[in-house]
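The listed protein sequences correspond, in order, to chains Z and E.
For reference, each letter of the first sequence is one residue, going 13 to 373 in my numbering.
For reference, each letter of the second sequence is one residue, going 47 to 353 in my numbering.
Since the hints were derived computationally from the structure, they do not count as laboratory data.
One should not assume that every hint holds.
As the list claims (entries may be wrong) - Here are the simulated distance ranges between beta carbons:
id: 1; chain 1: Z; residue 1: P91; chain 2: E; residue 2: W177; range: 40 to 50 angstroms
id: 2; chain 1: Z; residue 1: F33; chain 2: E; residue 2: K241; range: 18 to 28 angstroms
id: 3; chain 1: E; residue 1: K241; chain 2: Z; residue 2: E256; range: 56 to 66 angstroms
Stated by the list, open to error - Output of the computed footprint for chain Z on chain E, the stretches with three or more beta carbons under 8 angstroms from beta carbons of chain Z:
id: 4; stretch: 95–107
id: 5; stretch: 241–249
Quick reminder that beta carbons are idealized off the backbone N, C-alpha and C, glycines included.
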Amino acid sequence: MLLSLAQSALPIGISGIEKRFGAVSILSSLSLDVAAGEFLTLLGPSGSGKTTLLMILAGFVRANAGSIKVGGEEIITMPPHRRNIGMVFQNYALFPHMNVFHNIAFPLKQRRVSAAETAERVERALDLVQLKGLGERRVDQLSGGQRQRVALARAIVFEPRIVLMDEPLSALDKSLREHMQIELRNLHRRLGMTTVYVTHDQREAITMSDRIAVMDAGRIEQIDQPEVLYARPRTKFVAGFIGESSFVPVESRNGSVWYEDRKLRMNDAAPSTGRHLMVVRPEKLRLIAGEPTGDVNVLPAIVGDVIYQGDSFVCYATLRDGRQVTLRDYCRSDVLARLPAPGEPVMLGIDAQDVVLVADQ
Amino acid sequence: MSLASASLGHASRRDGAINADALRAHARREARGLFVLLSPGLFLVFAVIIVPIGWLFWLSLFDETGQLSAANYARFFEQASYIKTFVTTFKVAFTVTGACVLLGYPLAYMLSQLPRRATSICLIFVILPFWTSVLVRTYAWLVILQRKGLVNTWLMDLGVIGQPLPLANNFAGVVIGMTHIMLPFLVLPLYASMKAIDVDCLRAGMNLGASPAATFRQIFFPLSLPGLASGLVIVFVLCLGFFVTPALMGGGKVIMWAMRMEQTTSLYSNWGAGAALGVVLLAVTLALLGLFHWLLGARATGVWSRR
């Protein structure tokens, strides 16, 4: 029965959501479509409105305007207990006066499921989150990871149409968090429920999501698949928030883009005339010896510092205009052999296909 | 490792434990030091709790002539008035505790749900009576509740009643006056425990399909029980030994245990009998607390004890 979620997963259509607290605008005219069965992550710094949006979806916070449709049905004014949306809270919000079994059985009890079926479904949910046999445990006897699993089991045991997760892994230590990311991902693949996941951890978002909506100041900056988001950020904020980036000022004129007096080779068409920023990822830069070959752009720079990190090294370099850029490369023997020294002038190369420009705000 | 210990010259010890004796001695010294630090507190407890109670018990064993006897305790079973006082005391304590719960639970709930500024203002109104003398408050109630008091005058002027209601100098008066005095003792711990309930737990309840009423019944109320229990115990125990309000509001018709003690000692100067009253009250209170603890413990199986 728990495995039948895939068919019942529903799309969510969010449009024109506005939320103000007093004079402060938290969400401004936010629209977003989540496909049935999709794992969508709301990623953003604290205060970007991602949790508020989740609270509006769950029905705990009333929006000032907007529409939320689940499978075509408007739910914006529906009270939370009728929405049939599962939610995993940041601090788990397990009921401390109930044991594990009763926590997970709670949603079934509200739905007047018979005792026999409740027992069976709780058992299966426990099995699914690998907590078989822990039904009689008290909540305070569980570790953080186990509580997390109970919260998850409780959120999916009643086969909700949608599951919301509010930074569910933030309280776990690093290794457990990484393990749970994979587990949550696999669980989603198996059950196929439409999932909206909130996090401020870009690595977590990239690991788990079908698509990521990057939020800042109550707006969605960009919504794309993780690899598109990383490779083709559309704004400076997205480029800075996802992965590491240095920004190099460039200018677009007469249909081509110039870095100082050098014409940039790039695959994309030149943007509108004016100043732009080139997004430079550390791993896209490389040290060039001699004359550059192929479709590569060359940036002259002075090496500031070289940090050896075992498998790789990081090189901080200063461009002629004083901008800092970072270069990271693996320690192959040919690279190691000619590792530059601090103060040494070098040529940094970036391939034409890796040139990404964003507006200079 | 072995090299290091060998070089320190301790590796030859049979158990191989380095500095074991020194560490044991250090632990003993620390324990002694802690005991010395603790001794003023222990002395205080001994001097102001153990000694007076022991003395009380000792006094209760002597009759008026100074002879060692059980007469003071036999009186409880022989004299009907003692039993009546005893019953009255518990009747008052139960009624007042019940009234405090009926009034205090909604009040504490409201306090816990209000915005923070409103809560602090309302809390001042709860705590304010604490700063006024019990005697003053009791006399104020007498003024309000007596035959020609505010309540009766208004009700008669409005034509609601033809005869003044008997609100003072009886059981009702005692309960009203005591409820007013006891209410903060219930509200404050209850409010604290309600405030500690995680909002996300209530949200989770609704998210999982429980209506607001069901969420209150199945989550909020059970989670508020520890605070309710401690408030209940405080109020009940305070009621058992309360003197001023029942003495003034009862009009001599409601005799509680503490009033009996006062009579026995100051009117009849029978210190043995008074002491026996104290010992019995203490024993009964402790027994009740034990019973209460056991009942709660059995029901909650430790779920409330740790959050």
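Outcome of the hint check:
1. Z/P91 x E/W177: 40 to 50 angstroms: 43 angstroms, holds
2. Z/F33 x E/K241: 18 to 28 angstroms: 22 angstroms, holds
3. E/K241 x Z/E256: 56 to 66 angstroms: Hint violated: Cβ distance 44 angstroms, outside 56 to 66 angstroms.
4. 95–107: violated (count 0)
5. 241–249: Coverage by chain Z holds here, the residue count being 4 at a Cβ distance below 8 angstroms.
Violated hints, in rising order: 3 and 4; the structure is consistent with all others.
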